[in-house]
Amino acid sequence: MFFVIDLMGTFVFALSGAVAAIDRKLDIFGVLVTAFVTACGGGVIRDLCIGALPPAGLINLEYLSVVALAVALAAFFQRLLLRLAQPTLFFDAVGLGFFAAFGVHKVYALVPNIELALLLGVITAVGGGIIRDVLLGRVPVVLTKEIYASAALLGALIQLLGELQVIDRHVAPWAAIALCTLIRMLSLKYQWNLPAIKKNS
Amino acid sequence: MFFVIDLMGTFVFALSGAVAAIDRKLDIFGVLVTAFVTACGGGVIRDLCIGALPPAGLINLEYLSVVALAVALAAFFQRLLLRLAQPTLFFDAVGLGFFAAFGVHKVYALVPNIELALLLGVITAVGGGIIRDVLLGRVPVVLTKEIYASAALLGALIQLLGELQVIDRHVAPWAAIALCTLIRMLSLKYQWNLPAIKKNS
Amino acid sequence: MFFVIDLMGTFVFALSGAVAAIDRKLDIFGVLVTAFVTACGGGVIRDLCIGALPPAGLINLEYLSVVALAVALAAFFQRLLLRLAQPTLFFDAVGLGFFAAFGVHKVYALVPNIELALLLGVITAVGGGIIRDVLLGRVPVVLTKEIYASAALLGALIQLLGELQVIDRHVAPWAAIALCTLIRMLSLKYQWNLPAIKKNS
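Residue numbers (UniProt numbering), protein chains in the order written: chain A, 1 to 201; chain B, 1 to 201; chain C, 1 to 201.
This is chain A alone, in the form it adopts within the complex (with noise of 0.2 Å):
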């Protein structure tokens, strides 16, 4: 079930990687390193902090078929991507949790340390879409606007206080991944914003 999660998420990251990049015009090629990086830049820059080499997004061919099924879709099946595009959010927001969480239990298992884990469960979240943007030459999305990071965040959380045996550890991955897509999609419905700091001039 959680590796089910996992490509699912996976796949959706490489899904938007994919897009982004193909409406730059990148090659064949650029668009599947894109899509590659959006999937599994956040977990490989994880995996070097807490020196788990080789990084895990490097050496399972799954999540490399998965980025190559996604780069597909997003070439042949454009317009059906377009009429999917409600689902696509919320498969984006499952696999943020999800990521977020997986993160969190990555990282604290191996060194149990608070700070680090809410850290790089967030990184491990939000950093492949950081990376593609950086790629893509432009301000990363998650740092400018929506609900995003933040949803990661309490994600994080979430699971943190399983590991701490705060909550049932069983269940703190579901809660986590639960409220992370709640939050997700209610602030795409609404349009929440995190406000930006006003400058004063």
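A couple of the hints might just be wrong.
To be verified - Pairs of lysine to aspartate or glutamate, EDC-like flavour, derived with a Cα cap of 16 Å:
| no. | chain 1 | residue 1 | chain 2 | residue 2 |
| --- | --- | --- | --- | --- |
| 1 | A | 25 | C | 146 |
| 2 | A | 198 | B | 146 |
| 3 | C | 25 | B | 146 |
Stated by the list, open to error - Which stretches of chain B does chain C cover? Using the computed rule of at least three CB atoms under 8 Å from a CB of chain C, they are:
| no. | region |
| --- | --- |
| 4 | 12–19 |
| 5 | 113–120 |
| 6 | 127–141 |
| 7 | 190–196 |
These aren't lab readings, by the way, just hints derived from the structure by calculation. Think of the CB as a built atom: it goes at the ideal place given N, C-alpha and C, for glycine as much as any other residue.
Dock chains B and C against the given chain A, drawing on the hints supplied.
Leaving out everything else, chains B and C in the frame of chain A:
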């Protein structure tokens, strides 16, 4: 004493990240991330390269707290900050020297290789600023103008002489910080720049 | 012999970084940094991912010296460089093949995983160029056009066949370099490009 300079350097670096991010209209989360990577990014790269895992910047709550404080100051006291521009530049110069010297010290203690210590000393000092500028979509200031990295390199060199016991190892860090600060402040006062390489057209 | 090709590849990669940085009016330090990361950045990422620390590019003074030489050449002999554009492209192609093959060899010797060896082989060859373009604020050329990464992938594949003893392991690196160079030079001569994925509007 070293601890105080470390936190002060972190604070001033975070401030520069926060101010730049507010300028680009990032949301609160984006400002926090930018401030954090500006302050801790160089040290994280250094620690990744010498295998000092997990990176010190990610497991000590002091840094995150100091960064949060800097963001709050940047958000609520912008007018004050403008009036403090001169002191800020001074503390930034002190932080620059400290990070360069501390980077050399940490690297050389673990891997006694001169080139590595110098390269990573400079990266400790200027790496965060480079990541900040890449995230904000501009060519890193430190690569285009001003005597900044060169001042860090000077600090790194002096500290290295201390590690090699050419000069007294208790004096070295203070000499490194003092000279780096001096060069940096003089370059600001007299608007020294490194020459660009002329392009023959 | 391998050592000579390694330094030659480093030199030509550094040259491409230096020329691009001068074009963007970076100062001397910026040009040096850009040349260095272009030449050594891919290998550093590779070494971080397999835990070969500290990264080879940061502890061997040969690389830094060769980079400094390339920067000096780029600064003082720009007219000569223009006349040498053709040879430079040729040596760049040879360096590309060498870095791809060497990357695969180093990775597979340490972690015998096929996917990891291929991914990091290609990253060794094209990673530096990607960092160069991100630093200079442009979408990485290698992701947008030209048969470049594909030639590196071909070189990596051939070297991998050697590691797996499908083809003679003493022949493999030479075949990898030769074929990568051939494909790259042909693609330049006949202006082959990978197709971009069409966007239906």
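Hint check results:
For the proposed pair residue 25 of chain A and residue 146 of chain C, the alpha carbon gap of about 13 Å is at most 16 Å, so the pair holds. The suggested pairing of residue 198 of chain A with residue 146 of chain B is violated, with an alpha-carbon distance near 29 Å, which exceeds 16 Å. Taking the CA atoms of residue 25 of chain C and residue 146 of chain B, the gap is near 13 Å; set against the 16 Å cutoff, the hint holds. Remark: the region 12–19 of chain B is not confirmed as covered by chain C, as 0 of its residues place a Cβ nearer than 8 Å to a Cβ of that chain, below the required three.
Given a C-beta distance limit of less than 8 Å, the hint that chain C covers the region 113–120 of chain B holds, as 5 residues qualify and 3 suffice. As drawn, the region 127–141 of chain B meets chain C at 6 residues by the rule of a beta-carbon pair under 8 Å; at three or more, the given contact holds. Using a Cβ-Cβ cut-off of 8 Å, 4 residues of the region 190–196 of chain B lie near chain C, which meets the minimum of three, so the contact claim holds.
Hints 2, 4, counting from the list given before, are not met by this structure.
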